[in-house]
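Novice: Sequence:
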Amino acid sequence: MDGWIEELVMREEPVMLTEAELDLPSNPVHEFPAPRRVHIWIRYPSSAYRVKGHATAWTKTAVKVSFFEPGIKTQRQGWVWVGAVTPAAPDEL
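Residue 52 in full-length UniProt numbering sits at position 52 of the sequence shown; the count goes up by one each step and never skips.
Just so you know, the hints here were simulated from the structure itself, not pulled from any lab data.
Predicted, not measured: the structure shown is a model, and the values here were computed from it.
Idealized CB from N, CA, C, for every residue including glycine.
Take these hints with a grain of salt, some might be off.
Okay, the calculated beta carbon distance ranges per label pair [as the list claims (entries may be wrong)]:
| hint | residue 1 | residue 2 | range |
| --- | --- | --- | --- |
| 1 | PRO45 | ASP23 | 28 to 36 Å |
| 2 | THR74 | ARG37 | 13 to 21 Å |
| 3 | PRO35 | PRO70 | 28 to 36 Å |
| 4 | SER47 | PRO25 | 27 to 35 Å |
| 5 | HIS30 | ILE72 | 26 to 34 Å |
| 6 | SER46 | PRO25 | 16 to 24 Å |
| 7 | PRO70 | SER26 | 31 to 39 Å |
Let the sequences and hints guide you as you build the complete structure.
Specialist: Encoded structure:
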């Protein structure tokens with residue numbers, strides 16, 4: 001599922017939500033007691049891809065996520081819209 005990322009990350013950075021989009025003064029952050037396994041739609045300038053990752057916090061409109069990019073051996077994290085995240089099945093990840 002995540003093999004695409006190895007060639008893509010060498011030329012594009014993921015597009016995460018901006019501070020203005022998060023609007024934290026109006027949307028307080030809530031931390032999960034432990035990271036939750038999820039599927040995440042991650043946007044890049046030319047495409048969007050569904051990857052496996054973890055959710056660590058949320059607001060009423062966004063979720064803070066982390067995911068691994070194997071091609072550059074980097075753990076990424078950032079905020080995405082709530083609709084970009086779905087829970088993983090218990091036997092996944």
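Novice: Each of the hints needs a verdict: does it hold here or not?
Specialist: Each hint tested on the structure:
1. PRO45 with ASP23: 28 to 36 Å: 23 Å, violated
2. THR74 with ARG37: 13 to 21 Å: Given about 19 Å between the Cβ atoms, the range holds.
3. PRO35 with PRO70: 28 to 36 Å: 19 Å, violated
4. SER47 with PRO25: 27 to 35 Å: Holds, at about 32 Å.
5. HIS30 with ILE72: 26 to 34 Å: Since the Cβ atoms of HIS30 and ILE72 sit about 30 Å apart, the hinted range of 26 to 34 Å holds.
6. SER46 with PRO25: 16 to 24 Å: 33 Å, violated
7. PRO70 with SER26: 31 to 39 Å: 36 Å, holds
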